[in-house]
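Trainee: Sequence:
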Amino acid sequence: MPDIATAVQAAIAGPCARRGAVGAQYVVVRAGERWQKHCHGLSDAILDRAVTPDTTFNAYSITKTVTAAAVLALAQSGRLDLDAPIGTAAAVDGLEAYGSVGETLLHRAGFRNPNPLHWFHTVDRQAAFDKAAFVAARVQALRGSRRCRARSAYSNIGYLMLGLAVERAWSGPFAQAVRSLMFDRLQLRTNEHLAFEIARLDRHAHGHLRRHGWLDLVLGLLVDRHAIVQATANGWVQLKLHHVDGCAYGGLMANARGLARFGHAVLCAQKAAEPHAWHPMLLPVPGPGPRRSPGFFAGALDGHRWSGHAGGGLGGYGELRIYPQLDAVSVLLTNGPGLRDAHCLDVVDRCWSRGTCSAGD
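Last residue of the sequence shown: number 533 in the working numbering, and the count goes up by one each step with no gaps.
Don't read these hints as lab results, they were simulated from the structure. Take the hints with a grain of salt, since some may be wrong.
[Claimed, not checked] Cβ pair distances, simulated, as ranges:
| hint | residue 1 | residue 2 | range |
| --- | --- | --- | --- |
| 1 | Asp255 | Gln402 | 30 to 36 Å |
| 2 | Arg315 | Ala189 | 41 to 47 Å |
| 3 | Leu511 | Ser249 | 33 to 39 Å |
| 4 | Arg522 | Arg251 | 37 to 43 Å |
Because the structure is a prediction, the values reported are computed rather than measured. Even for Gly, the Cβ is constructed at its ideal location relative to N, Cα and C.
I would like the entire structure built from these sequences, with the hints used as guidance.
Mentor: Right, here's the structure in full:
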């Protein structure tokens with residue numbers, strides 16, 4: 173498939189150039205087999221270190237799909253009630269105005285979404301990071317507040333509350349719960365990475381901004397510039413390796429192969445003969461706002477339905493998509509900034525999806 177491979181490489185380079193990313197990974201899995209895999213550019217523009225299949229990235233809000241999978245697994249086992257008020261499930265008083273666990277999964281519980289860009293800490297502060305204090309501050313701001321009028325508003329805070337609900341139902345830390353409920357079940361291979369830690373600092377992609385670009389110019393208005401910038405050279409501003417303060421809404425570290433393994437597991441769950449915890453993840457739920465399902469948003473590309481999620485921040489941007497009709501999963505991860513869903517996979521996936529039909533089409 174040299175023509176498709178060439179087209180995919182060019183399609184990846186385009187969004188990277190436009191978005192100010194120096195590197196990217198892309199993987200397509202079809203019928204359970206890795207069909208296309210591409211690495212582009214650099215993970216570190218200062219040290220001239222190339223992106224490889226083993227390079228890991230901050231997945232940011234793609235994390236929410238993993239959190240949703242953990243919630244649904246706990247619900248299937250009877251340890252968490254999707255119809256329970258989110259305040260009850262998370263053991264947080266003062267959230268009576270907000271919706272249920274299930275509504276929170278769908279971003280329909282009424283939580284607002286304060287700017288989360290400054291909610292990060294660098295890797296050297298990971299051991300000393302006070303997660304309890306961070307969560308307590310977010311909870312205190314919610315107590316007694318009213319739900320947002322736009323009940324379908326996207327919210328990191330809602331997923332932070334889901335993380336507390338998972339910890340309460342599991343009786344243990346969120347990361348350990350997700351590892352047991354999901355990562356262990358995926359039977360990840362050694363070249364597939366999904367974790368809440370950076371396995372190797374020298375294999376993790378640094379975020380980059382274009383020097384003198386608009387985001388570089390306003391960076392100090394968004395975050396503490398001194399805290400996040402590591403170096404400036406070769407036309408780039410390189411950011412320090414960092415963690416998102418809230419694991420449940422944005423703390424996942426991944427490579428494209430690991431996320432593709434997860435996406436394929438969700439796809440298989442929908443096709444399973446017996447009910448599976450993750451089966452509802454691809455089933456759109458009617459309601460206000462864009463079409464969505466637990467943990468995912470829905471769309472279509474050239475007539476092929478997909479469920480997916482984007483994740484971005486100052487240090488990177490990525491997208492995960494599942495195409496049930498095509499029995500396919502695609503993942504794009506980059507180390508350039510992303511502050512909204514850019515639908516980059518519309519461009520890249522079109523290289524192979526056009527003219528593709530499935531038996532159900």
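Trainee: Hint by hint, note whether the structure agrees.
Mentor: Hint-by-hint comparison with the structure:
Here the CB-CB span from Asp255 to Gln402 is close to 46 Å, at odds with the stated 30 to 36 Å. Checked against the hint of 41 to 47 Å, the pair Arg315 and Ala189 passes, with Cβ atoms roughly 46 Å apart. Taking 33 to 39 Å as the suggested C-beta distance range, the pair Leu511 and Ser249 conforms, at roughly 37 Å. Roughly 42 Å separates the CB atoms of Arg522 and Arg251, a value that falls within the hinted 37 to 43 Å.
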